[in-house]
Structure formats: structure tokens, C-alpha cells
Amino acid sequence: MALTVLGVSYALAPPVGPDAVGGAEQVLALVAGALARRGHRSIVVAPRGSEIDGQLVATDAPPGPFDAGARARAEQAHRDAIHRALAAERVDLVHLHGLGLAAVLPVGPPPVVALHLHPACYPEAALRAGAPLVCVSESQARALPAGVRAHEVIPNGVPLDTYRPGGDRAAFALVLARICPEKGVAPALAAARAAGLPLLVGGIAFPYPEHLRYLEEEVRPLLDRDRRLLGPVGRAEKARLLRAARCVVVPSLAPETSSLVAMEALASGTPVVARRVGALPEIVEDGRTGFLVDRDDELGPAMREAARLSGADCRAAAERRFSAAESGRRWVGLVEGLARRRPRAPRLEAVTGVAALEALRGEWSGLCDRAAATPFQRPEWLLPWCRAFGVPSPRALVARRGGRLVAIAPFVHYEDAGRRVATLLGAGVSDYQDAVADPADGPDGPTLLDALLEASRGADALLLEHLPDGSLLGSALARRRDAPRPVQDGVCPVLALPARPDALDGCLAPRLAENVRYGRRRLARAGASVTTAVAGDLERHLEALFSLHAARWGARGQRGVLAAEAVRRFHVEVARGMLARGLLRLHVLWVDGRPAAAFHGFVDRGRAWYYLGGFDPARRAASPGAVIIAHAAASAIAEGARELDFLRGPEPYKYAWGARDRPAWRAVLPVAHRGAAVAEPAAAGAPVY
Numbered sequence: 150m151a152l153t154v155l156g157v158s159y160a161l162a163p164p165v166g167p168d169a170v171g172g173a174e175q176v177l178a179l180v181a182g183a184l185a186r187r188g189h190r191s192i193v194v195a196p197r198g199s200e201i202d203g204q205l206v207a208t209d210a211p212p213g214p215f216d217a218g219a220r221a222r223a224e225q226a227h228r229d230a231i232h233r234a235l236a237a238e239r240v241d242l243v244h245l246h247g248l249g250l251a252a253v254l255p256v257g258p259p260p261v262v263a264l265h266l267h268p269a270c271y272p273e274a275a276l277r278a279g280a281p282l283v284c285v286s287e288s289q290a291r292a293l294p295a296g297v298r299a300h301e302v303i304p305n306g307v308p309l310d311t312y313r314p315g316g317d318r319a320a321f322a323l324v325l326a327r328i329c330p331e332k333g334v335a336p337a338l339a340a341a342r343a344a345g346l347p348l349l350v351g352g353i354a355f356p357y358p359e360h361l362r363y364l365e366e367e368v369r370p371l372l373d374r375d376r377r378l379l380g381p382v383g384r385a386e387k388a389r390l391l392r393a394a395r396c397v398v399v400p401s402l403a404p405e406t407s408s409l410v411a412m413e414a415l416a417s418g419t420p421v422v423a424r425r426v427g428a429l430p431e432i433v434e435d436g437r438t439g440f441l442v443d444r445d446d447e448l449g450p451a452m453r454e455a456a457r458l459s460g461a462d463c464r465a466a467a468e469r470r471f472s473a474a475e476s477g478r479r480w481v482g483l484v485e486g487l488a489r490r491r492p493r494a495p496r497l498e499a500v501t502g503v504a505a506l507e508a509l510r511g512e513w514s515g516l517c518d519r520a521a522a523t524p525f526q527r528p529e530w531l532l533p534w535c536r537a538f539g540v541p542s543p544r545a546l547v548a549r550r551g552g553r554l555v556a557i558a559p560f561v562h563y564e565d566a567g568r569r570v571a572t573l574l575g576a577g578v579s580d581y582q583d584a585v586a587d588p589a590d591g592p593d594g595p596t597l598l599d600a601l602l603e604a605s606r607g608a609d610a611l612l613l614e615h616l617p618d619g620s621l622l623g624s625a626l627a628r629r630r631d632a633p634r635p636v637q638d639g640v641c642p643v644l645a646l647p648a649r650p651d652a653l654d655g656c657l658a659p660r661l662a663e664n665v666r667y668g669r670r671r672l673a674r675a676g677a678s679v680t681t682a683v684a685g686d687l688e689r690h691l692e693a694l695f696s697l698h699a700a701r702w703g704a705r706g707q708r709g710v711l712a713a714e715a716v717r718r719f720h721v722e723v724a725r726g727m728l729a730r731g732l733l734r735l736h737v738l739w740v741d742g743r744p745a746a747a748f749h750g751f752v753d754r755g756r757a758w759y760y761l762g763g764f765d766p767a768r769r770a771a772s773p774g775a776v777i778i779a780h781a782a783a784s785a786i787a788e789g790a791r792e793l794d795f796l797r798g799p800e801p802y803k804y805a806w807g808a809r810d811r812p813a814w815r816a817v818l819p820v821a822h823r824g825a826a827v828a829e830p831a832a833a834g835a836p837v838y
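Residue 150 is where the sequence shown starts when you use our numbering, and the numbers rise one by one after that.
I should point out that these hints are in silico values taken from the structure, not numbers from a laboratory.
For glycine and all other residues, C-beta sits at the position ideal for the given N, C-alpha and C.
Incorrect hints may appear among the rest.
[As the list claims (entries may be wrong)] Quick list of the computed label-pair ranges, beta carbon to beta carbon:
1) Arg730 <-> Arg553: 17 to 25 Å
2) Gly655 <-> Gly685: 54 to 62 Å
3) Gly188 <-> Asp651: 51 to 59 Å
With these hints in hand, go ahead and build the complete structure from the sequences.
Have a look at this one:
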């Protein structure tokens, strides 16, 4: 039976194709082609201009520079394209090939993740999300975090009929690589100059600021008549250069996980000079098909010596170990096996009552870890909600596969103007709501939505609120022709974070950045310090949060959301549970032993959320609220967070930080007569009990 398989590139990658600049993009094209030749339907989400066998769902990458804002916009465009593809087709499997897999990992069809970079380049939580991981070398597989194993190692391959030996070699050495610090282009140029050898460099600098700086400040000064920058080279030109070069140099400073250009060189009968890092010792047979070096000063002599090595030995090694046809065959076998091995329908059942839900806490929490759920879908959030607000008879639809929990959709019925409405747990206090499913073994969205409608019988309507973009149930709604179209349910402004904490100020609007710097200086002179809640002093931090929140809203003549005792009781229990799971980030700024500002949020799997805060109005001139947000953002960056979600509401201060709107969605579905019209609940939304 033919499969429908969706491939996904990195959002900021160059176009995918056999002539792509990046190795990951060449491999994605190879896999798509192998699947198509096998008779499967191949769909690929990739930048416009990609050349693939199958159907291209094109995205528009930003022109550069690739700052945090550009990355966030590109990832959102990629997510939207993935959701369109999943809504239009019944996809059997998704294979992802991008660095930003955590940002675009879809729900529904089983995924498989191809790792093309060192595992340290990916958020660890993404590697632990449960999706099968495919490594391209043994050294890459060994570098995975403790407890994470590669599902399979499939070495890359090259088209042996395209790259073949030619005539006599010329005098020049050749580097084919992206122009960036980790590729070591500048040391190779310096070594070639010292050895008196000509060196040609084919490649481009991507529009990242640090890559462009490296090109202008470190590479260009080393260029001359004999050491030249060729720019991008197509496949035909690359094949000609590889055949003619005395050797190909792979001077990478970072541990390469593979090297297509080294394989292409060997297929062309050309020796390779490479650093002894990463997977390069798996590709180059030292002294036979090339030389491995450890220092810059060894590069030049190795380039000279490479001319004496046998081109026939190089070609034989490529034929034996680096065939694109063999790599494609293994990928097809993997995809077919993963798509067909799992049963289509896990066992579904409904449970009722707080005690029954509490009994699921441990495996429910583990499921949320695997599924990269938001804090608002976790038992540490929803069970306190049931207790604090006296929710009558909460329920949950649960799915199991082999006895293991693979999905959960907790819900409750309530009365609304004489009708019974079913809705997900957490109404009123949750900024996001959704079901949770294991990305590898859980049911797909449409299956879960059908089951949730069935489990909601006895109600007149199913109300789904605050569904984030890409949510399991929201994506299922988009794929149902008989379902009402979701409507926007507000926005959550999200700030794309830079890679380093010290780069945060440079991303802010000038006025806000100056306010933060001024506030830090003024508060430092007053002896201010910031602490973060830990198990021994959680209560002190919570009291500071409550008092500051009340003071902030009291100055406006309002009570604030924490005024009600039930709400405070809820947040105390949530804080204890989230702290135990390592997710709580409750920061307090102290001056003279008194709280001046507080930030209450969460950090998990590369994302940070800002839920509540407060500051002392008497210290407004020192901007303590902005200072504590900046501290929390910098701390989150240090933990690997790539975004700070300010959550629901278009308050102006969020946009002053550079946050961009991310919509949430809402829909009301009839339960008894699917497809029929159904009225909105009379209330604005589900009640907080």
C-alpha cells in the first residue's frame, strides 16, 4: 500500500534539492526522491525554490539577517505550512530534517527525526520527546544525551554516477563549505598560503550577523590571486572541481556529524584532508584515502602529501560505503516500517472523578514531558484547578497502547442557560487548552476529537477554547469538513529570544533597553538582589508575589486576579507541583529585605511562559517590573529557551518587549448531531468553579 509521507526542512534553510548548499537539504531531497521512486506519495515543506520529487509546500524564508525575530517568523510560517499539509492530506508519517524541530514538531502522524548536527545543537527536551531519532554517524549517536538512543544510524550517501574520477589533478586544493567560523575556512586559507599552495573556496555565508562578520573580517583578508572565493557552485561545477583538485580540505573546527563533500570527493577519486573531529575519522581512512590532522600547522603539509595518494583507493571506498542509492533504500525501509508497525487504534476509555485523575498523575505527567505540552495541560496545573474550584465530577478520555498512557483529554460538563456544555479542564485560569498525545504512539487529532465527542455524550455541545496554533484538537478541527470553522480567541504575544543572555538588551527597543539598564543601576545602588524560589523558601516567594500583585492592582483601584482565596489556594498548590517537576520559575527582586517586583512563570523544553507578575508602585521610577522580566528572560535563555510567551492578552507592555501575536482559537461543536448548527454558550466561556 502506498504511503503519504511529509518531509519538513529547517525553516531558515536554503532551498532543498540535490544541489542544495546544506547537507541536510541534500539528504531531504534524496529521501523524498527515494520514496517517490518506491511508489509512495512524498510531500515536502521547504523554502520556495526547492527541487524535490513529489509535491512541494513552499514557504518564504526571510531575506536576512537571521535575527531572533526573523527566526520566529520563519518558524511560524513553517508551522502554518505543516498544518495546511496535514489538514489537506491523511499523512502516514512525518520526517523532519531541521535544527528547529522543537518549534515545528507536529501532532498527529508519527514523526521520525533526522539529526544532521551535533546533538548539543538541539534542545535536549526535543531529543527526549519520544520521536524516533535517526543519526548519520556513529559518533553523532554516541553524543546523544544520557538515556537517549538512536533508533537507527543511516550514513549519508552521494550519487556515484554524478561524482566520478576524471583526468589528471590540478595543483589547487579545494574547500566546499558554508562560510562561518565553525567550518574553519580562514585557517585553511592561512595554511595554504604558508604552504605556497593555491586554494579555491566554494560556498556562501548565510545572512547570520556572525557569519557575515566572519566573511568580511577573517576570510576576505586572506584572499589573493591564488587563494580565491568562488561563491556558490552548482552540481556540475562542483563535480568538475572535485575531479580536478589535488585534494579536498574539510577544516571544520566543530565536530562534524557527517561530510557529504568528503564523500563526494572520494567518489571523484580525490583524497580528503580533514580535522580529526566528529565523524570525519569514520569517512577518511588516514594515510589511504586522505589525512587526518589535529592542528592548523598540519593542514599545509597534509595538502602537499595528499597528491601522492591513490585516486582508485578513494573511489573504491566511496563505492563500498557512501552510495546514495543504499542510503535512500535504508530510509525507505525505515519509513515503511515505522508507518506500518503501529496499530491504528489505541484502546480508549473514560474515567471520572478527581481520585481517578489523581491516580493518573505520574504517567500523565510523563506523557506531557514526551509531548512537549504546555504547563496548562499538565496534572500539576489541572488537578489543583479541580480541587481549588470544587469542580464536580471531572472526567478524562484516556488512550492506552500496550497498557501505556499515550493520550489524555480531561474535560468537565457544566450548565449554561439550560444546556449542558462539555469543555476541557482548566477554564478561566488556563491560557492554553488542548488534549495531550504521545508524538510517537498517540492517536492522531481526528481520532481523538471523534472520541472526545463520543465521550461527551450527555452534553449538548463541546466547547473548545484557547487552542494554540498547531494544537492537537485545533489541527483536527481544520481537517474535519463537517466541523465548524474555529474563530480567533484572542492572542498570546511571544518574544523570540536571542541565543545568549548578554544579547538580550540588544534585541529590545532602545527606550526599553535604556529603562532596564537605568533600573538595574538604580536598584543596584539600593542593594537590590534577585532570588528564585526553591523548595525551602517557596512560601516566602509566593507571599511576595501575592502582596506585589495586590499592590500593583490596588494602585489602579482594582482587586486583581489573586484577590479570591480559591485562586490563591490554586496557585499555591500549582507552585508546589511545578517546583517539584522543575518547571516553576518564581523570581523576586528584593530591596532592603522587601519585595520590589516578582515574575511568576515556567520554563520547559526550550520555551518560557510569563503567567503573573507584580511590582511595588512606590518604586515605579526604577522600572522594577521591567528589570525582573529582563532577569527572567536572561535566565530562561541560559536554560536554552528560544521564546518567552507573555500569554493571553494584548497588553501594550508586551509589545514594548518586541513580542509578536500568536493567535489562539475557539470552536463549539454539537455533540449529539455532528455537523448541525449549535449556539455559542451564553457565557463568555466556561466558568471557573
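TODO: Kindly indicate which numbered hints from before are broken by the structure, ordering the numbers from low to high.
DONE: The structure breaks only hint 2.
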